[in-house]
Amino acid sequence: MKRLLCLLVSAALTACLTACGGAPPLKERLIVEGIAVDEAAEGEEEGFALTVQAYAPSSENTTHNRYQLFRATGKTVYEALRTIDQNTGRESFFADTQVILFSAAVLERGLWPNLDFFMRSSEMGNNVCLAMTKGKAADLLTVEGQGDRMPAGVLADMLHYGKSKVERFSGEMMTVGARLTVPYADLTLPLLAVERQGEGRRAVLAGVTCFIDDRPAFVLNGQMTWAYNWIRGYADERAFVLPFRGELCALRFQRIQAAIESAVEEGRPRFTLRLKAGCNVSETAAFQAVTLENLPEFETALAKKMEQTVEQTLQTVFLQQHCDVFDLGRSLIQQHPAYFQTLSSWRQTIPLCTVQCEAEVSVKRAGQLDVNRR
Amino acid sequence: MSRRPVIGAGQLFCYLLLSRVVLTLTYSINFNAHTIGPTDWLAALLLPPFLLALALPAFVLRRRSGPVSVCEYAFSLSKPLGRAVSLLYGAGFFLLTVLPVSRFSFFVTSTLQPEKSPLFFPLLLLLPACYAVCRGLEAIFRLSALLSVVCLLSLLAIVAVLLPRFDSLNILSPFYEPRGALGLSLLLLLSNSLEVFVVLMLPGAVRGGVKKAYLGYALVAPLFLFLIFYTVLAVLGPYSALQMFPFYTAAGVAKVGELRNLSAVAAAVWILGVFAKSSLSLLLCRRCLLPLTPKAARPFLLPALGAAATACAAWNSATMAENKLNFSMPLMLGVVGVYLIALPLLLAALGKRKENRHRETPAVPAR
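Chains as they are written, first to last, in our numbering: chain L, 1 to 374; chain W, 1 to 367.
The shape of chain W in the complex, shown without the other chains:
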């Protein structure tokens, strides 16, 4: 079933860029078990071909499936397969809803308002996200386009204000880091590049084509990632290894005339980005699980997902320090491997096999 295009390629590009940049802007040692180093900014510059390669399975699937989502295509192959794929991707989008919200809640409860309950901020973010889901895909992407401009301009402004504080002696050569450090940095960046999830679900909904939007994202996003890593290292140097949220710390020392401490701008950018990401992920999670939900229960699906996401985000935020899931690059690489590479290729292969079978089966002559 093809959908009427409701969003433009430009809006999709803006969302993908916002999603990836906000994730790096809010980099934390806690989330990634890795201190920012010279190989990170180099890895960001080398990222584009890897991002394009990461999307290849999705585009291979799209060539086979046409302008339908991965779940719809799985249903067209067989109903049990469709249900299994919908459940898997629904769980994947649920994870993509919970993770950014819980990380934001952890940031606020460890940095800004330690006395607040870990339930407070997930509730505050996911309630509006549920409302955003009700407004639909188009509204979320229109908002994301606006937010992406605000966020990227804010980022550029913070970097510009920090330029006088750049210390060239803080920039060390990445080529003398321990062997494997560059590879590790690349893997870390790839494990956090989950925007292909969105690409898998929206092929028919994008006017102007998904490819253009993704190509733009793959070329532009790494430049912003480079800017973030380079700025953190140039301003903080080895001090970044002591900070839980290095970019937030760097923004905190920015000063423009009498205006001090731009960390509030960094926090505001984070909130806006998390709101956009969680809204879209929640919408796509609902879209995946809707065919699996009995008709009578469908009106309650969104509130149920919102409540479950809030509870999971609160739990994850409260147990962030000891919860090994949050440190786990292997887990995220596993998610990338299964959801973004293996499943799309498997579905494409199954689709090709079904097509070949139809071609081989001779047509029954009419009597």
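Excised from the complex, chain L in its bound form:
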């Protein structure tokens, strides 16, 4: 009896746990790396137009990016996807999906109808990057790759750029899902666009789209994206140009620490954003524009500029638009839960809030030129 049982167990485990049972071969899989969701064009059946970028396995040695694009329309995202599977004769496989792009037009319907299938799918990773696009989302899937990286991979790298481990945008699917379910936080998605550079087409970051509830409300660009990155503790990779004593100085932030302190005064929330920044001066327009003697003055000027930028951004985005993408509501609920419970609506409480910023800057390095030279 024991031997028979042993034999049955071995056979069952060997057959069932070695992927012999039911797993389709690789060539019958559509390995989806990127998905673009657009509105169906005029003349097409109303609904969604889905474009998927699938990895095209090849047996030849080639340095070219190999991918295929498939497109279909449907009343829902899932219907369009199943049409693609039917047309290709292959089953979509989402475990390798890196980006999902939505056009601005399709997001006007709300984020949830676009996102529901992807959040339900057990194959789809919860850290897949989401982004909004200027123009057609499908165009982003045809930008130039880099070496063996296909367009979807290049976009994912761009959205995850930086040495900082901070999640730059709330653009991962699980962060978007979390913010959609709570009334005290709004979400952002990076805004991508296609730019012609010479003969090629490249994807560029065109701003940060802020959502109110699940619809896009406005786009942060210019100085506001600096403030957004600082508040999230993200050391922006761009150069920051500061006019100092009539000369332009370019610097790069190496680290940003941001802390939000909330207080309740006479029933009104007050937020203080404390920023600590470390930066390197990379370029000045005049020799000795920044020296050891005037370094404290430079640091003060930079801190003041940061404070002004942050406060203006908060004034516009938070107090005027009532959009909380800066985690102020989340800080308040954590630091003053008893007060938060008395509020009927966080969005209606926003106009009562006051915000201020206090920044502290230290210049770490000024390059090879000796700032001590007099």
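One or more hints might be untrue.
[Claimed, not checked] Facing chain W, from chain L, some residues (calculated, C-beta under 7 Å):
| hint | residue |
| --- | --- |
| 1 | N127 |
| 2 | T181 |
| 3 | V182 |
| 4 | P183 |
| 5 | R330 |
| 6 | T354 |
| 7 | Q356 |
[What the hints assert, rightly or not] The list that follows gives simulated cross-link-like pairs (lysine-lysine, DSBU-like), each with its CA atoms no further than 30 Å apart:
| hint | chain 1 | residue 1 | chain 2 | residue 2 |
| --- | --- | --- | --- | --- |
| 8 | W | K116 | L | K27 |
| 9 | L | K276 | W | K255 |
| 10 | L | K27 | W | K255 |
| 11 | W | K255 | W | K116 |
| 12 | L | K304 | L | K276 |
| 13 | W | K116 | W | K295 |
| 14 | L | K75 | W | K79 |
| 15 | L | K75 | L | K136 |
| 16 | L | K304 | L | K364 |
| 17 | W | K255 | W | K79 |
| 18 | L | K305 | L | K276 |
| 19 | W | K295 | W | K79 |
Hints listed in this document are in silico derivations from the structure and should not be mistaken for laboratory results. Each residue gets a CB set at the ideal place from its N, CA and C atoms; glycine is no exception.
Based on these hints, arrange chain W on the given structure of chain L.
Structure of chain W alone, referenced to chain L:
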């Protein structure tokens, strides 16, 4: 009848820890009708005295009965009582075999392989479990000791990899949750703390004593439960309320260099834990029902139990969404109340009464 000790207290501790941690690792809203919240991690930290209190009736019974199992002691009081208690505990262990297997099958058929039949995974798990029963108690506990190290190290590794993703703003104070939330969390944890079942059946089989092993379990297991709940909340925040298997989801976003998606590790830990639990529960179920089985039918008892458990697990997995039994904390609390508190105390009281009667009845003088 006392049994020769065959397992060490350390092995029992490892099994109890594995059993409890795997149950929480595989927490699902479907099984518990409760989304993970701030009170859950606090309740885990407050759990040790409640776990110790839960085991008190079993230890009270053991003081009265000596190193015999609850069924053997019931038989020593009276045969009809022994049969009734054996049947009840046999049914209890049958439930403990079916539940984890069906939950695992539900997980796989809803998350990994929706096209598979709900019969597939119960068969795949219970067939080896039947073989494990044939190998005996010692083999199962030796395996459990090894599996517990693997599982706990895997859990710690997943948590370590997830540390950079901890968001402090996701951790809210448990003291401002609605009134009764902390109590509900504690009751939920207690309703899933069924390891005392094992303690009731194995007093004579443990070298070094059951008390030490259980005390270690009561102090250490809640720390791991805290770690699991805290990690899920810190990483997923409110998103955990949308996920059927929150820890599995959290493991899915873990990344170490080029190695992505550690959810396969979480699934592997689940399989190993379910195999250990179902093997031991099946063995103890057979042990309870063996005295009730006619001698001629005894060789067929294990295959019959295995087949019945497979069928029940498949049915439970297929009807998990609408089957109210799986949502029912009151049902599980009822099981805890009857099997772990009422029955042991009743048997202890009956045993004391029998002893007192023997003392009161004067000895008949020899002629």
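Check the hint pairing K304 (chain L) with K276 (chain L) against an upper bound of 30 Å on the C-alpha distance.
Given pair K304 (chain L), K276 (chain L) holds - Cα atoms ~12 Å apart, limit 30 Å.
Would the hint on T354 (chain L) stand, with a C-beta cut-off of 7 Å toward chain W?
This hint is violated: T354 (chain L) lies away from chain W, its Cβ roughly 21 Å from the closest one there, beyond 7 Å.
Tell me if the straight-line CA distance from K75 (chain L) to K79 (chain W) falls inside 30 Å.
69 Å, violated
Please verify whether K255 (chain W) and K116 (chain W) have alpha carbons no more than 30 Å apart.
This hinted pair holds, its Cα atoms lying about 29 Å apart.
Proposed proximity, K79 (chain W) with K255 (chain W) (alpha carbon, max 30 Å)
Not satisfied, since the Cα-Cα distance of roughly 59 Å exceeds 30 Å.
Verify the interface restraint on T181 (chain L): the C-beta must sit less than 7 Å from at least one C-beta of chain W.
5 Å, holds
Restraint: R330 (chain L) near chain W, CB-CB cut 7 Å. Satisfied or not?
Where the cut-off is 7 Å and the nearest Cβ of chain W is about 4 Å from R330 (chain L), the hint holds.
Holds or violated: is the Cβ of N127 (chain L) closer than 7 Å to a Cβ in chain W?
5 Å, holds
Straight-line alpha-carbon gap K304 (chain L) to K364 (chain L), limit 30 Å:
With Cα atoms ~18 Å apart, K304 (chain L) and K364 (chain L) stay inside 30 Å; holds.
Quickly compare the C-alpha distance for K116 (chain W) and K295 (chain W) to 30 Å and report which way the hint goes.
39 Å, violated
CA of K305 (chain L) to CA of K276 (chain L), is that 30 Å or under?
13 Å, holds
Would the hint on Q356 (chain L) be counted as holding, given a Cβ-Cβ threshold of 7 Å to chain W?
With a closest approach of 20 Å, the Q356 (chain L) hint is violated.
In summary, the numbered hints that this structure violates are 4, 6, 7, 13, 14 and 17.
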